[in-house]
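Asks: Sequence:
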Amino acid sequence: MKIAVTADLMDGLVLALLLQEDHYGYSLTQDIQQVITISESTIYPILRRLKKHGYLTTYDVPYAGRNRRYYQITDAGRIHLQRIVKMWNDYKNSLDTVFTQVNIEPTEEGEEG
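Numbering (our numbering), first residue to last: 1 to 113.
Simulated from the structure, these hints should not be mistaken for laboratory data.
Just so we're clear, the structure is a prediction, and the values are computed from it rather than from any experiment.
Hints are not guaranteed to be accurate.
As the list claims (entries may be wrong) - DSS-like mimics (lysine-lysine), calculated; alpha carbons at most 30 Å apart, straight line:
(1) Lys92 / Lys52
(2) Lys51 / Lys92
(3) Lys52 / Lys86
(4) Lys51 / Lys86
Please take these sequences and the hints and turn them into a complete structure.
Replies: Okay, here's the thing in structure tokens:
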């Protein structure tokens, strides 16, 4: 079973990783794939949108005869990330109040109850 990841959560994941260190697109995709399944082509529209809103800047670094574009979080991106983290914590806490009350009896292995 997979739970859908919203655009806000994807933004938060990207910004949180960029807060740790600058990334180029492929390296960012690799780090995100440690958490969720995502294709490399999915990340670029997110990066473009975040840059358009001023949450990221870019710079190029020569690599193997061409330039590799790196993404870096801005101060506005840090503020936006704080908002997303607060939203996530509020959402998670709301779900926790419901899910902690659930008592599901075990079923036979492989069956969903």
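Asks: Can you name, in rising order, the numbers of the hints this structure does not satisfy?
Replies: none
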